[in-house]
Amino acid sequence: MSAKKKPLIIIIGVVVLALLGGGGYFAYLKLQAQTDANNKDLEKTGDVLVGDSYKPKPDDKLTEEQMTPTIVKDMKPSRKVVNSLQKENVKLSVEILRLKDQIESLNKEITNLEDYKITNERFAPQRIKDEMADIENQIKAFLLDSEDAERFSVVQIEIMAAASALEYQAYIVRNRLMVTKVQRAKLAIDFLPGYAFCVGDGIELAANSNREYNLIASKFRGLVTLPLPSQLQKDLDTVIIPCQNSLRNQLDENLQLSPK
Numbered sequence: 001m002s003a004k005k006k007p008l009i010i011i012i013g014v015v016v017l018a019l020l021g022g023g024g025y026f027a028y029l030k031l032q033a034q035t036d037a038n039n040k041d042l043e044k045t046g047d048v049l050v051g052d053s054y055k056p057k058p059d060d061k062l063t064e065e066q067m068t069p070t071i072v073k074d075m076k077p078s079r080k081v082v083n084s085l086q087k088e089n090v091k092l093s094v095e096i097l098r099l100k101d102q103i104e105s106l107n108k109e110i111t112n113l114e115d116y117k118i119t120n121e122r123f124a125p126q127r128i129k130d131e132m133a134d135i136e137n138q139i140k141a142f143l144l145d146s147e148d149a150e151r152f153s154v155v156q157i158e159i160m161a162a163a164s165a166l167e168y169q170a171y172i173v174r175n176r177l178m179v180t181k182v183q184r185a186k187l188a189i190d191f192l193p194g195y196a197f198c199v200g201d202g203i204e205l206a207a208n209s210n211r212e213y214n215l216i217a218s219k220f221r222g223l224v225t226l227p228l229p230s231q232l233q234k235d236l237d238t239v240i241i242p243c244q245n246s247l248r249n250q251l252d253e254n255l256q257l258s259p260k
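Letter by letter, the sequence shown follows residues 1 to 260 in this note's numbering.
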């Protein structure tokens, strides 16, 4: 290359570099401007996603509505179904608890009604009548087999047994007792024989003839509804009431000592 052409080439190179440098600078400015524009667009996109009503103001506390995720509105159908089933499950659980309470209340009512029915049946006239007949037969059999009762006639023994059955009735009705067959037998063995002997000794003083014995026997056994002659009734009360009081005190004391 000739010495004349070298300065020309250098000048041309400088010009080209200058042009390239200026173009790169302007390209950089353009790129920076585009980046700023993109950032602003991105901020606007955030505003659209969040919404003005959800953007908290300075120094303001977030409300419940602002804290609610907006993604719920765009929930997938499958997720909506799951949420719906969960809500129904909660409702069913509450309903089950309510029904259990109702069932428990109804069971209590049924129990009370059954107890009421049993009590009514227990104290029904025929039921008590059967128990009284059982007591009367037990006392009569005991007296007929007892040497201590040999001094009494058959009529007197019938009066003593019938009087014992009446006291048994008064005892269970007064105390609203549910007496088993075993308990009834215990009463017939431990308490009522003493009362029967007390009555037997008393009617010997109250009755002055076989006719009066028969009247007293019919009265105790419920065979007549007419009242006894006033004097006979007065004499009978005089000897029977102390016997009744003694027996009732013994029975009440035994009832208090019995296990509940």
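Don't read these hints as lab results, they were simulated from the structure. Take the hints with a grain of salt, since some may be wrong.
To be verified - Listed next, with one range per pair, are the computed distances between beta-carbon atoms: (1) GLU150 - PRO229: 21 to 31 Å; (2) SER153 - ASN112: 23 to 33 Å; (3) ASN137 - ARG98: 36 to 46 Å.
Stated by the list, open to error - Calculated cross-link-like contacts (lysine-lysine; reagent style DSSO-like; alpha-carbon spacing at most 27 Å): (4) LYS76 - LYS87; (5) LYS76 - LYS100; (6) LYS140 - LYS129; (7) LYS100 - LYS87; (8) LYS234 - LYS140; (9) LYS80 - LYS91; (10) LYS100 - LYS140; (11) LYS140 - LYS186; (12) LYS129 - LYS87; (13) LYS129 - LYS186.
For each residue, glycine too, the CB sits at the ideal point set by N, CA and C.
To see whether the hints hold, each was checked on the structure:
1. Take GLU150 and PRO229: their Cβ atoms lie about 30 Å apart, and the range 21 to 31 Å holds.
2. At roughly 50 Å, the beta-carbon separation of SER153 and ASN112 lies outside the given 23 to 33 Å, and the hint is violated.
3. With their beta carbons about 56 Å apart, ASN137 and ARG98 fall outside the hinted range of 36 to 46 Å.
4. Distance hint between LYS76 and LYS87 is fulfilled; the C-alpha atoms sit about 17 Å from each other, no more than 27 Å.
5. This hinted pair does not check out: LYS76 and LYS100 have alpha carbons roughly 36 Å apart, beyond 27 Å.
6. About 16 Å separates the Cα atoms of LYS140 and LYS129, which keeps this hinted pair within 27 Å; it holds.
7. Distance hint between LYS100 and LYS87 is fulfilled; the C-alpha atoms sit about 20 Å from each other, no more than 27 Å.
8. Only pairs whose Cα atoms come within 27 Å are accepted, and LYS234 paired with LYS140 is accepted, the gap being roughly 26 Å.
9. For the hint linking LYS80 to LYS91, the alpha-carbon distance of about 17 Å falls within 27 Å, and the restraint holds.
10. Between LYS100 and LYS140 the CA atoms are separated by roughly 55 Å; this puts the pair beyond 27 Å, and the hint is violated.
11. Among the hinted pairs, LYS140 with LYS186 is consistent with the structure: their alpha-carbon atoms are about 15 Å apart, no more than 27 Å.
12. For the hint pairing LYS129 with LYS87, the CA-to-CA distance comes to about 63 Å; that exceeds 27 Å, so the pair is violated.
13. For the proposed pair LYS129 and LYS186, the alpha carbon gap of about 19 Å is at most 27 Å, so the pair holds.
Hints 2, 3, 5, 10 and 12 from the earlier list are contradicted by this structure; the remaining hints agree with it.
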